[in-house]
Amino acid sequence: MVSIVSAGMFFCMVGGGIDLSAGATVGFTGIVFADLIVNKNVNPAIAIIICLLVGALVGLCNGVLVSYFNFLPFVATCGMMFVSQGLAFLWTNSYPVLDLPPEIEYIGRGYLFNIPFPLYIVLVVYVISFIVSEKTSYGRFLFAAGGNDEAAYLSGINVRRVRLISYIICGTLVAVAAIILCGRLDSAQPANGSNWGFEAITACVLGGTSMSGGKGKVLGVLLGAIFVGMLTNGMTLLNINSNLQIAIRGLVLIIAVGTDLYKSIKNRKA
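The sequence shown begins at 8 in the numbering used here and counts up one residue at a time.
Do not take every clue at face value.
[Unchecked claim] Within a straight-line C-alpha distance of at most 16 Å, the following computed EDC-like cross-link-like pairs (lysine to aspartate or glutamate) qualify: (1) K222 with E141; (2) K47 with E141; (3) K222 with D193.
[Said to hold, decoys possible] What follows is a set of in silico ranges between Cβ atoms, one per label pair, in the way DEER data are often shown: (4) P109 with G257: 24 to 30 Å; (5) F124 with K270: 46 to 52 Å; (6) F120 with L251: 34 to 40 Å; (7) E112 with I56: 28 to 34 Å; (8) Q252 with I122: 27 to 33 Å; (9) T239 with I135: 46 to 52 Å; (10) I253 with Y118: 28 to 34 Å.
Just so you know, the hints here were simulated from the structure itself, not pulled from any lab data. No residue lacks a Cβ here, since even glycine has one placed at the ideal position from N, Cα and C.
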């Protein structure tokens with residue numbers, strides 16, 4: 008569910024950050040979630056809560072490094088990406104976790120009133136994201152911090168806390184996506200969703216979110232995620248080589264980010 012990861016990435020990017028660990032965190036939180044249910048016999052509801060907390064914890068670590076230790080977002084989240092990857096493979100000695108219970112399968116593959124259940128989750132995530140980003144003081148603070156953190160600080164905004172929360176939101180939404188993916192595949196593998204972080208960045212930039220922070224709309228991110236999904240499905244239907252698909256997605260990311268940087272430079276000169 009790249010669209011849900013994209014919603015989390017939106018909060019990081021609007022606040023002037025980025026989360027390169029998002030894809031690896033999908034695999035890590037998914038492995039933890041599935042292992043708790045299948046191998047540790049934990050109640051699925053409790054496993055969901057633990058999974059969300061693990062995702063939030065990864066986001067917290069990213070946020071602390073960026074906000075309180077002044078790490079560059081690329082450096083901090085890239086490091087956490089490797090940490091999450093390593094922990095995901097270490098957790099089950101690189102083995103997948105199979106045969107999840109039917110209620111988890113329903114989350115990923117079920118239908119409610121002839122509409123895929125994951126679609127309801129996506130709608131809820133984006134409605135809440137819209138309200139938080141557009142209708143709350145936190146949303147205003149986040150845009151202010153991303154646009155000009157020094158001016159935001161001088162106006163009384165706790166920039167560090169605002170950015171910290173954005174990473175926690177991102178980590179939590181990544182865990183939501185991991186749960187849905189586990190249900191869809193009826194399994195969890197350490198490498199699941201490894202490219203989703205970069206696809207989420209592509210969706211955000213295509214949807215109008217600025218790499219430099221302070222600009223973006225949730226609806227635009229959703230449209231960007233839909234485009235990324237259509238691109239991936241279209242290439243699959245056309246039987247394009249899987250390795251070439253990766254190259255094409257990378258090219259789209261380069262073009263999207265390059266266009267955004269060009270606009271930013273042009274606006275500064277103006």
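request  = Would you mind confirming whether the straight-line C-alpha gap from K222 to E141 stays at or under 16 Å?
outcome  = Distance ~12 Å between K222 and E141 Cα, so the pair holds.
ask   = CB of F124 to CB of K270, is that within 46 to 52 Å?
value = Cβ of F124 to Cβ of K270: about 38 Å, so the range 46 to 52 Å is violated.
query = Taken at face value, is the distance from the CA of E141 to the CA of K47 at most 16 Å?
reply = 41 Å, violated
message = If I claimed the Cβ atoms of F120 and L251 lie 34 to 40 Å apart, would that claim hold in this structure?
response = With Cβ atoms ~39 Å apart, the hint holds.
ask   = T239 and I135, beta-carbon distance inside 46 to 52 Å?
value = 25 Å, violated
ask   = Regarding I253 and Y118, is the given constraint of 28 to 34 Å on their beta-carbon distance met?
value = With a Cβ separation near 31 Å, I253 and Y118 satisfy 28 to 34 Å, so the hint holds.
inquiry  = Next pair to validate is K222 with D193; report whether the Cα-Cα distance is within 16 Å.
reply    = Violated. K222 to D193 sits at ~38 Å, over the 16 Å cutoff.
task = Note whether the CB distance of Q252 and I122 lies within 27 to 33 Å or breaks it.
result = 28 Å, holds
query = Does the Cβ pair E112, I56 satisfy 28 to 34 Å?
reply = 19 Å, violated
task = Given the hint of 24 to 30 Å, check if P109 and G257 actually sit that far apart at their C-beta atoms.
result = This hint is violated: roughly 38 Å between Cβ atoms.
When the structure is compared with the earlier hints, violations turn up for hints 2, 3, 4, 5, 7 and 9 and for no others.
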